[in-house]
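Asker: In case you want the letters, here they are:
Number of protein chains: 2
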Amino acid sequence: MAISQPYLLFLGDVTDPLAAKTARGIHVWRPEQCVGQIRLPGCTVSLGLEDLDIPAAKALGARTLVLGTANAGGFLPQHWLDTVRDAIKAGMNVASGLHQRLSDIPELVELAARYRVALFDIRHMRPALSVGTGEQRAGKRVLTVGTDCSVGKMYTSLALEAAMRELGMKADFRATGQTGMLVAGEGIAIDAVIADFIAGAAEALSPANDSDHWDIIEGQGSLFHPSYAGVSMGLLHGAQPHWLVMCHELGRKHTRHLPHQRLVGLEECVEANLRAARVTSPDVQLAGFAINTANAGEREAREYCRQVSGQFGVPATDPVRFGITAIAALLNERG
Amino acid sequence: MAISQPYLLFLGDVTDPLAAKTARGIHVWRPEQCVGQIRLPGCTVSLGLEDLDIPAAKALGARTLVLGTANAGGFLPQHWLDTVRDAIKAGMNVASGLHQRLSDIPELVELAARYRVALFDIRHMRPALSVGTGEQRAGKRVLTVGTDCSVGKMYTSLALEAAMRELGMKADFRATGQTGMLVAGEGIAIDAVIADFIAGAAEALSPANDSDHWDIIEGQGSLFHPSYAGVSMGLLHGAQPHWLVMCHELGRKHTRHLPHQRLVGLEECVEANLRAARVTSPDVQLAGFAINTANAGEREAREYCRQVSGQFGVPATDPVRFGITAIAALLNERG
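Respectively, the protein sequence lines represent chains A and B. Residue numbers for the first sequence follow the numbering used here, beginning at 2 and rising by one. Residue numbers for the second sequence follow the numbering used here, beginning at 2 and rising by one.
Please note: incorrect hints may appear among the correct ones.
Pairs count within a copy or across copies, as identical chains cannot be separated in the list.
Straight-line alpha carbon distances no greater than 25 Å define the calculated DMTMM-like cross-link-like pairs of lysine to aspartate or glutamate that follow [what the hints assert, rightly or not]: (1) Lys-59 / Glu-111; (2) Lys-141 / Glu-167; (3) Lys-254 / Asp-284; (4) Lys-90 / Glu-51; (5) Lys-254 / Glu-136; (6) Lys-141 / Asp-284; (7) Lys-141 / Glu-334; (8) Lys-90 / Glu-187.
Calculated from the structure, these hints are not laboratory results.
Produce the entire structure from the sequences given, and follow the hints as far as they go.
Answerer: Quick look at the structure:
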């Protein structure tokens, strides 16, 4: 089920840099897996990669065309289809994070069969799932959790994987969202599974492993988010984490998109996550805080991290600004 | 989307009384909506209803044939099809709680169209869903929660609806599982929705209502069940309950089907549910306990309820054995 790398990143004709955030995430974390970008006339967004056409990308070894931009409604625009067809005919797989499935378009299904390539519908690809069991399994697991959505759980997880590998630890990022899945080449879009199987999906995503192996599991949502807490809860139980990393954005006033919903405090959020995690992982501990300080000056950012670290007795850092070695080192020492 | 009542209850050829628990639940709670039962040769289970054939049931006003038994794998056996066909041809709708969809059987879809009747796939019928918002809405809501699965949340909810109506209160049961949906004629199978929409489904199920109207929402799973806590959490947030009723089975030693999983204590379970519910319902309170005492003698049952009631300062009762008027009265007085 793994998505073959390296990729050719398709940006379509988007003009909003935010619409390309999946492509950007892949490029940030796996630059060596990106042979180039392909854009349609009118596209004003660039990742700074070489602009290639399909034959050039193929010659450079691209194995999968990635539709790496979002568009309104999640549908595949008709005028993107030519590029998709050309890629298939050149023997490239196609991966899409759109709501609309490539595999629901008969023409593409036939073409892919003829050229023996795979269509990856990231939101929908998953193994056959069972309900979770909570049975104890071997290996070490870290889960990123948060005070809210969009506070940097994927970034933190990938940064932690890199920092742990840097220290010589055996660490693998486990993706639960579509950008993460394209970075890793595999994973499960946990918010798209049937509700009964959330915990089971998290168990399948991070199966038993060597006792010195670490799974770094990408968290989703927040136990305090009125829309998504069910996903966060099932993921927390299924991940059976030994350690949690709490992610938070400095200065966020209320839950994302919900101005009526106060943002939970750090202490309450840490306690609630530890308590819930103990249902399947009795000795779970807090490893540290990953603080998104993008909206603060550097002095304020440092001061806030120092204060949080002092309050909880664990490292607190902005992984973008200050790196995440302190948390990796704690796991290496106390793991 | 409502399922037309009254029903003709199809028991197939089952021999295990437990397999007919959906039919039994409908008959217990809505006897006036059951015109009779229909059985195939070999069936050894009976609800004590009159055995009817399709024409007789039709003549008595049956509007929907309910496939009210489970069978291994959730598939519709070939030898049940004749009864289904006959019902459709007689102008009756068909409702099924099986995993396999009636609407995936082309022959039945065509036949239903020809005879202008509806096929209800209970596990799969739901309105278009959105993610939850947690915005405050009018009306009063009670949610049944539990220390585990299968501790009597549906029974408790329906008993509470009846007891509240008895007191002259405006109360409606809101179904989240298939038996409950057939009892109510509507609802959403909450464990079958996409994970992102659990809370949104609970919001849709119990929309804003008159300030003196009560929704009694059927709970599912438990915050402490390693398989299903995600569903329980999303339901808790989406239900936005003013009151919780905690359901528990006296003497249960471990989580159902999971011998390695200790059963949570009542105090810990109550606290966790109240804390989580406060995310969308800051003033939520505990209304009482519904204790399944089926495995205990009457003296032990009474003593246990007395002890729990004394400890928490709210009514504790076995709704089957002792009724649930005490909890209905508390809601009536303090609602």
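Asker: Against this structure, judge whether each hint is valid.
Answerer: Structure-based check of all given hints:
no.	hint	result
1	Lys-59 / Glu-111	within (21 Å within a copy, 48 Å between copies)
2	Lys-141 / Glu-167	within (17 Å within a copy, 55 Å between copies)
3	Lys-254 / Asp-284	between (32 Å within a copy, 22 Å between copies)
4	Lys-90 / Glu-51	within (22 Å within a copy, 65 Å between copies)
5	Lys-254 / Glu-136	between (38 Å within a copy, 17 Å between copies)
6	Lys-141 / Asp-284	within (12 Å within a copy, 39 Å between copies)
7	Lys-141 / Glu-334	within (13 Å within a copy, 52 Å between copies)
8	Lys-90 / Glu-187	within (24 Å within a copy, 49 Å between copies)
Hint compliance for this structure: no hint is broken.
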